[in-house]
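J.: The residues making up each chain are set out below.
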Amino acid sequence: MTELLELVELRPILGDGAMGTMLLARGLQMGDCPEAWNLDHPDVVKGIHDDYVAASCDFIETNTFGANPIKLSRFALEGKIEEIIASAVDIARRAAGERCMVAASIGPTGALLQPYGDISREKVADAFRVTARLVEKAGVDFFIVETMSDLEEAKLAIGAIKEYSRKPIVATMAFSKGAKGYRSMMGATPQQAALALVDAGAHLVGTNCCAGPLEAAEILSEMRQTTDCPLVAQPNAGLPKLEGGNAIYPETPESFAAGMEKVLAEGASIIGGCCGTTPEHIREIALLMGKC
Amino acid sequence: MDLNELKQAVIAGDMAGARNLTQKAIEAGIDPGTILNEALVAGMDVVGELFKANEIYVPEVLLSAKSMQQGMQLLKPLLVKGGIEPRGKVVVGTVRGDLHDIGKNLVAMMLEGAGFEIIDLGNDVAPESFVEAAAQSEASIIGMSALLTTTMYVMKETIDLLKAHGLDGKVKTMVGGAPVTQAFADEIGADGYGDDAASAVDLAKRFVGLA
Chain L
1 MTELLELVEL RPILGDGAMG TMLLARGLQM GDCPEAWNLD HPDVVKGIHD DYVAASCDFI
61 ETNTFGANPI KLSRFALEGK IEEIIASAVD IARRAAGERC MVAASIGPTG ALLQPYGDIS
121 REKVADAFRV TARLVEKAGV DFFIVETMSD LEEAKLAIGA IKEYSRKPIV ATMAFSKGAK
181 GYRSMMGATP QQAALALVDA GAHLVGTNCC AGPLEAAEIL SEMRQTTDCP LVAQPNAGLP
241 KLEGGNAIYP ETPESFAAGM EKVLAEGASI IGGCCGTTPE HIREIALLMG KC
Chain Z
1 MDLNELKQAV IAGDMAGARN LTQKAIEAGI DPGTILNEAL VAGMDVVGEL FKANEIYVPE
61 VLLSAKSMQQ GMQLLKPLLV KGGIEPRGKV VVGTVRGDLH DIGKNLVAMM LEGAGFEIID
121 LGNDVAPESF VEAAAQSEAS IIGMSALLTT TMYVMKETID LLKAHGLDGK VKTMVGGAPV
181 TQAFADEIGA DGYGDDAASA VDLAKRFVGL A
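Here the protein sequences line up with chains L and Z, keeping their order.
The opening position of the first sequence corresponds to residue 1 in this note's numbering, with each subsequent residue numbered one higher.
The opening position of the second sequence corresponds to residue 1 in this note's numbering, with each subsequent residue numbered one higher.
Mixed in with the good hints there might be a few duds.
[Unchecked claim] Computed list of lysine-lysine pairs in DSBU-like fashion (alpha-carbon distance at most 30 angstroms, straight line):
| no. | chain 1 | residue 1 | chain 2 | residue 2 |
| --- | --- | --- | --- | --- |
| 1 | Z | K66 | L | K180 |
| 2 | L | K46 | L | K241 |
| 3 | Z | K163 | L | K241 |
| 4 | Z | K205 | L | K241 |
| 5 | L | K241 | L | K177 |
| 6 | L | K291 | L | K262 |
| 7 | L | K123 | L | K137 |
| 8 | Z | K170 | Z | K156 |
| 9 | Z | K205 | Z | K76 |
| 10 | Z | K156 | Z | K89 |
| 11 | Z | K52 | Z | K66 |
| 12 | L | K123 | Z | K66 |
| 13 | Z | K76 | Z | K52 |
| 14 | Z | K52 | Z | K89 |
| 15 | L | K137 | L | K46 |
| 16 | Z | K163 | Z | K89 |
| 17 | L | K241 | Z | K52 |
| 18 | L | K80 | L | K123 |
| 19 | L | K177 | Z | K156 |
| 20 | Z | K66 | Z | K205 |
| 21 | Z | K24 | Z | K89 |
| 22 | L | K137 | L | K162 |
| 23 | L | K262 | L | K241 |
| 24 | L | K262 | L | K180 |
| 25 | L | K177 | Z | K66 |
| 26 | L | K241 | Z | K156 |
| 27 | Z | K170 | Z | K81 |
| 28 | L | K46 | L | K291 |
| 29 | Z | K89 | Z | K66 |
| 30 | Z | K52 | L | K177 |
| 31 | Z | K81 | Z | K66 |
| 32 | Z | K205 | L | K180 |
| 33 | Z | K170 | Z | K205 |
| 34 | L | K180 | Z | K52 |
| 35 | Z | K205 | L | K177 |
| 36 | Z | K76 | Z | K24 |
It is worth saying that the hints were derived from the structure and are not from the lab.
Quick caveat: nothing in here was measured; it's all calculated off a predicted structure.
Sequences are here, hints too, so could you generate the full structure?
T.: Here it is in structure tokens:
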């Protein structure tokens, strides 16, 4: 398997789509712990990975977005973190086989750092250290720190990973557009975020969980003004609308793929999808990229 | 003593300053209700306007709200003793199945900063709990938050349950959170939608006839 960093020099890399919304479509209940399904329903998790692998992506992400001690403690599952991560990586490896790479998904803790919130930097750093150590032990090809809304927390996650692994680190944040342009929840601009994430040691930086491909293209274009670092975009399939009591994401596989062409035109090195995207969305991009 | 200094400490997010200046104002014999309205609430009003205009972001608002709370801790017993009523009672919570409380906490703090009494039910709150808490506390507003597209529909259950208890109209509902829109609020029959924490405060003021 060619290393990620060599691969992105050659061509854009295609990631997978959503895990959370796919699990919900397969029976995960609101308020359940998605990562617990690595233990309770490994077949369902593998089935989702299988569909993405079949859609010709270059890597899949482990079902470990919330697998950190702080978030798992909300489900009283922090004691099972080692099993959860080991199982998640094993499931992804079995689905990926020799066909694609496996990346560890590392999401936020859901807690606000002091002085804004109540948790210390050291506690959050420790939580990411636990996750990084267990993921590295289970063996992935690279890390994706994602959906971060606080730059400081993203930096703590990157720092923790670097203590335990030499594997490449992708770091992406969520931005939304206000009167003064794109900002993270805590107020960082895409330019500020890109610079700080690269400084913290990320090898690729970008955005995920933003409204849709067109927004992602604008965010990457802003990031490109301050960094030569390879860029990443994994947007949502648009903002959901309510139809008959169900959340419907407006971007169809076709419209999503068309939007992702604009993201590629901004020079993105890794693309993929977040909430509301499905294997069909990824297959449509793969077709456009001539991968299948 | 000039209350403007305390108001500026709240705007600047100076927690120690807000506490010390509130203490000084109390010792100077200024009426607790005046300290609350002309310094703490007035300061948070400015913060809300700056936030809505994207002049400041969540971190600055949180520091200001915490500074306001420093003053409130000292004032609260005096306000109660003086029989000064809050502007209204608001039951807040993140809906069932949703554990995201950053937005809800921000709204709760901003509402407190506007002079409301907050009954915070935390996160993963069932519709029954919202209705029960509102009935018991005689709150006039229920504020619901959801970050997930999958949990926002639980808001409708609370609104329907309020109706079933004959409390609709008596208890106003307001909703907010990343995936929530005005159209969604209309569809589920909520009385109001707040685009951000500052708008939620505007809405609550309107509900109690203050704006």
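J.: Taking the hints in turn, state whether each one holds.
T.: Quick rundown of the hints versus the structure:
no., hint, result
1, Z:K66 <-> L:K180, "holds, 25 angstroms"
2, L:K46 <-> L:K241, "holds, 28 angstroms"
3, Z:K163 <-> L:K241, "holds, 25 angstroms"
4, Z:K205 <-> L:K241, "holds, 29 angstroms"
5, L:K241 <-> L:K177, "holds, 18 angstroms"
6, L:K291 <-> L:K262, "holds, 18 angstroms"
7, L:K123 <-> L:K137, "holds, 21 angstroms"
8, Z:K170 <-> Z:K156, "holds, 17 angstroms"
9, Z:K205 <-> Z:K76, "holds, 20 angstroms"
10, Z:K156 <-> Z:K89, "holds, 21 angstroms"
11, Z:K52 <-> Z:K66, "holds, 18 angstroms"
12, L:K123 <-> Z:K66, "holds, 21 angstroms"
13, Z:K76 <-> Z:K52, "holds, 28 angstroms"
14, Z:K52 <-> Z:K89, "holds, 23 angstroms"
15, L:K137 <-> L:K46, "holds, 20 angstroms"
16, Z:K163 <-> Z:K89, "holds, 19 angstroms"
17, L:K241 <-> Z:K52, "holds, 24 angstroms"
18, L:K80 <-> L:K123, "holds, 19 angstroms"
19, L:K177 <-> Z:K156, "holds, 27 angstroms"
20, Z:K66 <-> Z:K205, "holds, 21 angstroms"
21, Z:K24 <-> Z:K89, "holds, 28 angstroms"
22, L:K137 <-> L:K162, "holds, 14 angstroms"
23, L:K262 <-> L:K241, "holds, 24 angstroms"
24, L:K262 <-> L:K180, "holds, 23 angstroms"
25, L:K177 <-> Z:K66, "holds, 26 angstroms"
26, L:K241 <-> Z:K156, "holds, 15 angstroms"
27, Z:K170 <-> Z:K81, "holds, 28 angstroms"
28, L:K46 <-> L:K291, "holds, 22 angstroms"
29, Z:K89 <-> Z:K66, "holds, 20 angstroms"
30, Z:K52 <-> L:K177, "holds, 13 angstroms"
31, Z:K81 <-> Z:K66, "holds, 23 angstroms"
32, Z:K205 <-> L:K180, "holds, 27 angstroms"
33, Z:K170 <-> Z:K205, "holds, 15 angstroms"
34, L:K180 <-> Z:K52, "holds, 11 angstroms"
35, Z:K205 <-> L:K177, "holds, 27 angstroms"
36, Z:K76 <-> Z:K24, "holds, 15 angstroms"
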